[in-house]
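Colleague: Single-letter residue listing:
Protein chains: 2
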Amino acid sequence: MSVPASAVPAFDFTSRLSRRAQTMSASAIREILKVTQRPDVISFAGGLPAPELFPLEDVRRAADAVLTRYGPAALQYSTTEGHPPLREWIAARHGIPAANVQITTGSQQALDLLGKVLIDEGDTVLVEAPTYLGALQSFQPYLPTYQEIPTDDEGIDVDALEALLARTSVKVMYVIPNFQNPTGRTLSLDRRRRLVEITARHGVPVIEDDPYGQLTFTGETYPSLYELGLERAGGVEGNHVIYCSSFSKTLVPGLRDAWVQAASPVILKLITAKQGADLHTPTLNQMIITELLPILPRQVDVVKKAYGERAAFMISRLEAEFPEGVAFTRPKGGMFLWVTVPGDIDTTPLLARAVERKVAYVPGSPFFAHGGGKNTMRLSYTSATPDQIREGIHALAGTLRDALA
Amino acid sequence: MSVPASAVPAFDFTSRLSRRAQTMSASAIREILKVTQRPDVISFAGGLPAPELFPLEDVRRAADAVLTRYGPAALQYSTTEGHPPLREWIAARHGIPAANVQITTGSQQALDLLGKVLIDEGDTVLVEAPTYLGALQSFQPYLPTYQEIPTDDEGIDVDALEALLARTSVKVMYVIPNFQNPTGRTLSLDRRRRLVEITARHGVPVIEDDPYGQLTFTGETYPSLYELGLERAGGVEGNHVIYCSSFSKTLVPGLRDAWVQAASPVILKLITAKQGADLHTPTLNQMIITELLPILPRQVDVVKKAYGERAAFMISRLEAEFPEGVAFTRPKGGMFLWVTVPGDIDTTPLLARAVERKVAYVPGSPFFAHGGGKNTMRLSYTSATPDQIREGIHALAGTLRDALA
Numbered sequence: 001m002s003v004p005a006s007a008v009p010a011f012d013f014t015s016r017l018s019r020r021a022q023t024m025s026a027s028a029i030r031e032i033l034k035v036t037q038r039p040d041v042i043s044f045a046g047g048l049p050a051p052e053l054f055p056l057e058d059v060r061r062a063a064d065a066v067l068t069r070y071g072p073a074a075l076q077y078s079t080t081e082g083h084p085p086l087r088e089w090i091a092a093r094h095g096i097p098a099a100n101v102q103i104t105t106g107s108q109q110a111l112d113l114l115g116k117v118l119i120d121e122g123d124t125v126l127v128e129a130p131t132y133l134g135a136l137q138s139f140q141p142y143l144p145t146y147q148e149i150p151t152d153d154e155g156i157d158v159d160a161l162e163a164l165l166a167r168t169s170v171k172v173m174y175v176i177p178n179f180q181n182p183t184g185r186t187l188s189l190d191r192r193r194r195l196v197e198i199t200a201r202h203g204v205p206v207i208e209d210d211p212y213g214q215l216t217f218t219g220e221t222y223p224s225l226y227e228l229g230l231e232r233a234g235g236v237e238g239n240h241v242i243y244c245s246s247f248s249k250t251l252v253p254g255l256r257d258a259w260v261q262a263a264s265p266v267i268l269k270l271i272t273a274k275q276g277a278d279l280h281t282p283t284l285n286q287m288i289i290t291e292l293l294p295i296l297p298r299q300v301d302v303v304k305k306a307y308g309e310r311a312a313f314m315i316s317r318l319e320a321e322f323p324e325g326v327a328f329t330r331p332k333g334g335m336f337l338w339v340t341v342p343g344d345i346d347t348t349p350l351l352a353r354a355v356e357r358k359v360a361y362v363p364g365s366p367f368f369a370h371g372g373g374k375n376t377m378r379l380s381y382t383s384a385t386p387d388q389i390r391e392g393i394h395a396l397a398g399t400l401r402d403a404l405a
Numbered sequence: 001m002s003v004p005a006s007a008v009p010a011f012d013f014t015s016r017l018s019r020r021a022q023t024m025s026a027s028a029i030r031e032i033l034k035v036t037q038r039p040d041v042i043s044f045a046g047g048l049p050a051p052e053l054f055p056l057e058d059v060r061r062a063a064d065a066v067l068t069r070y071g072p073a074a075l076q077y078s079t080t081e082g083h084p085p086l087r088e089w090i091a092a093r094h095g096i097p098a099a100n101v102q103i104t105t106g107s108q109q110a111l112d113l114l115g116k117v118l119i120d121e122g123d124t125v126l127v128e129a130p131t132y133l134g135a136l137q138s139f140q141p142y143l144p145t146y147q148e149i150p151t152d153d154e155g156i157d158v159d160a161l162e163a164l165l166a167r168t169s170v171k172v173m174y175v176i177p178n179f180q181n182p183t184g185r186t187l188s189l190d191r192r193r194r195l196v197e198i199t200a201r202h203g204v205p206v207i208e209d210d211p212y213g214q215l216t217f218t219g220e221t222y223p224s225l226y227e228l229g230l231e232r233a234g235g236v237e238g239n240h241v242i243y244c245s246s247f248s249k250t251l252v253p254g255l256r257d258a259w260v261q262a263a264s265p266v267i268l269k270l271i272t273a274k275q276g277a278d279l280h281t282p283t284l285n286q287m288i289i290t291e292l293l294p295i296l297p298r299q300v301d302v303v304k305k306a307y308g309e310r311a312a313f314m315i316s317r318l319e320a321e322f323p324e325g326v327a328f329t330r331p332k333g334g335m336f337l338w339v340t341v342p343g344d345i346d347t348t349p350l351l352a353r354a355v356e357r358k359v360a361y362v363p364g365s366p367f368f369a370h371g372g373g374k375n376t377m378r379l380s381y382t383s384a385t386p387d388q389i390r391e392g393i394h395a396l397a398g399t400l401r402d403a404l405a
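Just so you know, the sequences run in chain order A and B.
The working numbering puts the first residue of the first sequence at 1, with every later residue one more than the last.
The working numbering puts the first residue of the second sequence at 1, with every later residue one more than the last.
It is worth saying that the hints were derived from the structure and are not from the lab.
In this text, all values refer to a predicted model and were calculated from it rather than measured experimentally.
Ideal Cβ placement from N, Cα and C applies to all residues, glycine included.
The following label-pair restraints were derived from C-beta to C-beta distances:
1) A:150 / B:293: 49 to 57 Å
2) A:23 / B:402: 52 to 60 Å
3) B:353 / A:296: 48 to 56 Å
4) B:349 / A:57: 52 to 60 Å
5) B:60 / A:296: 19 to 27 Å
6) B:401 / A:295: 53 to 61 Å
7) B:296 / A:402: 49 to 57 Å
8) B:386 / A:65: 32 to 40 Å
Extracted from the complex, chain A is given alone in its bound form (with noise of 0.2 Å):
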């Protein structure tokens, strides 16, 4: 059957649409993004994971093995809490009860299940400024009101969380602690300590979302802030941070497998929430990345030392060729760096200016959550090879001297 789509009065959808849906707007870098995906358009835009150093034979080994280890058990409903050993590996790494771990469909699940169970319309949501644009997603169908702190090299600014939770009511904070999504900054060890001892004594709970920790290009970690909260607390029901991380950017991105570790009461609610979100994560998933386990520390070799070479040469293109009064943080892992340019220039007309040269970034603004950093852009070094990294970068440079001239 067939039907033709003209001259039929459309049903009024609009108006029964709920609250939040009517204040959810298709992404505006969604819509940008479309513009770069021309093939002859070297594209810093996305932040997609680099291809090529997907273990794309293991994965098929693995699919393998567990469809003949388990097999239609790896078909099958499973348990919403996730694949008891998937949960127990991940326990494993911070000595803490698998109860206390929630596999997710993806971290961005993570986010969603967390708003869901912690915010209520006009709670007061802290995040960073600029954050990642997702977790903005997420909570925003849960009605938050956002405050930013502001962020330097060094990440969070602590004293003005500090005077800002002396004076507000906070419900919650959402923090990328390691190579942050989009500044590629990195949280300072001793800013790690106040930030944990600060939102304990004001009893705020902290997200703290780490997909990107494990890809350090120097080896230098610090702990992360769940571990801070767990010695400061001396058990994990103590613990008043929320742990999320994933293997998108360590193994691969579209089987979707992450996670939340954190006290009872929030994993309790998280399984209830998940139960009526998707049931469970996809059982064979989970499984294949559980056989994948073995090669992780050899993939996150692999994929940190490409990265870190990307991001070196791009930082070096960088330095060579962007105008005077342009800055750009130096990150030492993960998958961003983060481009200021001159405060009267506005990144997201530019773009077009960028394109007609064929050469992709996402503006800055999307990334705060109430619209700043008009004259900020992020760019990913990971999925360009050394050519594209050299021809952007001379395209984007010639960009920003015309925008300055």
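For this one, chain A is given, so just place chain B on it according to the hints.
Modeller: Relative to chain A, chain B alone:
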């Protein structure tokens, strides 16, 4: 690092939970089902598809084939809307544009996202009495008010629906027309037409949940509400019916692949909501399902033949063994049948007696939005052998006879 759990003051997360989280309780059924998972108990309680019918080797070949054909793209992030060939195949079945199809991580996610974009706190949602427990769980976080519509052997009572719509402002209606979960009943053709007509006239969107429609034992099928809505409106955008279906009951459940088809304003909001909820349904899984589409008709034949035989045998044993005064449905498809015992027997406490006799069922009460139906139970025949059906129904009949005595 291992930390002692004892003697640590717990962080007070409970007082930080959202209001909606406070209304979300671990499903009663889930707790009940734990008791019934003892290997010595014959369980008619689960709602699991029969795993021995899964096309395990086809899945293995499909996984291998798509990893070869798509390479790393099978493991990369992909679009929120879904794998294009899968959307196109689904759209073609109803002759609608692929743009009107959204892939979801199981039907459960479809219900969650539809709740998110349609339901405001206090909105009236119409549901059948009884209805799918999981839908109640999906909608609950959006804090609706449920109005129940009575049902009989032809499905929902359309006169009662009409009377209710005449006096109540209703936001959305949720209905499972084919081989309903939990009753196994099918909405008659005449009532389908009237339901579509009445709800359209009152401007009430209808969510049609159809996971079981293909599993017809008799070959008889009715047009879906979606098809009737399409016919009535003359096109996709005028159709007030939102259709959800799934590959979980026909191919395999553990890959979590399902879909929604609806008018554009709904799909556009679902895309945004899904971006925040899990970015996209796992890439590899959608490709595997697409690769399996050629075997879908064969697989549907296998499943409906097996379930049809199991249903017929269970019904024959119920007829032979159940005491006078106990009624049950005779489903013509799907996975469940519904038992009504005399009104003074409560099937929830009775379950303990049944488990003593090594048989389990699901008490019917949780399937009622307002908790009625204490004298009902759901039985699944999908994964039981003839011996288990014979023995289990004998034990259940004994339990009922004791209760009636």
